[in-house]
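Asker: Letter by letter, the chains look like this.
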Amino acid sequence: METLVALADPTRRRIVELLARGERPVGAIADRFEISAPAISQHLKVLREARLVRVRAEAQSRIYELDPAGFADLDDWLRGIRQFWTTRLVALDRELNRTEPTRKPKKKR
Amino acid sequence: MSQELPIIVRVEHKFRASPERVFDAWLDPAMIGRFMFGPALRDEEILRIAVDARVGGEFSFFVRRQGQEIDHVGAYLEIDRPRRLVFTWSTADSLPDTSRVTIDIVPAKSTSTGTTLTLVHEISQQWADYADRVEAGWTKMIGALADNVDKSADSTG
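In the order they appear, the protein sequences are chains Y and P. If you read the first sequence in our numbering, its first letter stands for residue 1, the second for the next number, and so on. If you read the second sequence in our numbering, its first letter stands for residue 1, the second for the next number, and so on.
For the record, the hints were derived by calculation from the structure and aren't laboratory data. The beta carbon of each residue, even a glycine, is placed where N, CA and C say it ideally should be. Just to be clear, a hint being listed does not mean it is correct.
Stated by the list, open to error - One side of the interface only, derived from the structure: several residues of chain Y facing chain P at Cβ under 10 Å: (1) Leu74; (2) Leu78; (3) Phe84; (4) Thr86; (5) Leu89; (6) Val90; (7) Glu100.
Said to hold, decoys possible - DMTMM-like cross-link-like pairs, simulated, lysine to aspartate or glutamate; straight-line CA separation at most 25 Å: (8) P/Lys109 / Y/Glu95; (9) P/Lys14 / P/Glu122; (10) Y/Lys45 / Y/Asp73; (11) P/Lys14 / Y/Glu100; (12) Y/Lys45 / Y/Glu34; (13) Y/Lys45 / Y/Glu100; (14) P/Lys14 / Y/Glu95; (15) Y/Lys45 / Y/Asp67; (16) P/Lys14 / P/Glu78; (17) P/Lys109 / Y/Glu100; (18) P/Lys14 / P/Asp104; (19) Y/Lys45 / Y/Glu23.
With the rest of the complex left out, here is chain Y (with noise of 0.2 Å):
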């Protein structure tokens, strides 16, 4: 799960935080933090491959922001892990009732 990856870098959690404010030029994102210039680009390419964020060019400048791509990938793993377990609380639901359907519940304590 290369989107997980990219996300267990607290520095790249910020770079996210930071562009779902919006948009910004790379000179920007690099003066909110105190390590080096290649250091911040090596975190955003890790973050483009992940297709967290995107980049593109304008004038002079490198504009990023999010990219919704990653995200949706995110999301689809996230939901699978939830409809695993779904999927099976339904199931023990459905034993649970099956091997003791007609018992009278118990007494409110």
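Place chain P on chain Y using the hints.
Answerer: Positioned in the frame of chain Y, the structure of chain P alone reads:
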């Protein structure tokens, strides 16, 4: 575990059964073979269900699915019958503490009988670090979920 656990999946379900029966099912190998794994859920064969139901004890749910053998393993972190069950959860080859499932069971508020279960699955950063190793197992498991969607939709309500 000082790192935050950023990824959380939460599901809730209401049962007619008592909290005790709902709780006990999670530690009963026979029940696990009927609601967690096996032919009742999808086309898979249960090879072994082993449960050491004490704090620190481990479990193994070992199945064969489409010719592939998959072991789901973990350890019990908290056993507080009938209120709370916490265990780690992963497929074999990943670290045992890579994700954590917390099940809280309370008597239903609205009626005099019945039970509300809340399951929270936390996927930790450690999990993400080892994602490459476990991805195959999860992808397989989640990929097969599509088969279950229709089934569960049919039986809801």
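Asker: Hint by hint, which ones does the structure fall short of?
Answerer: 13
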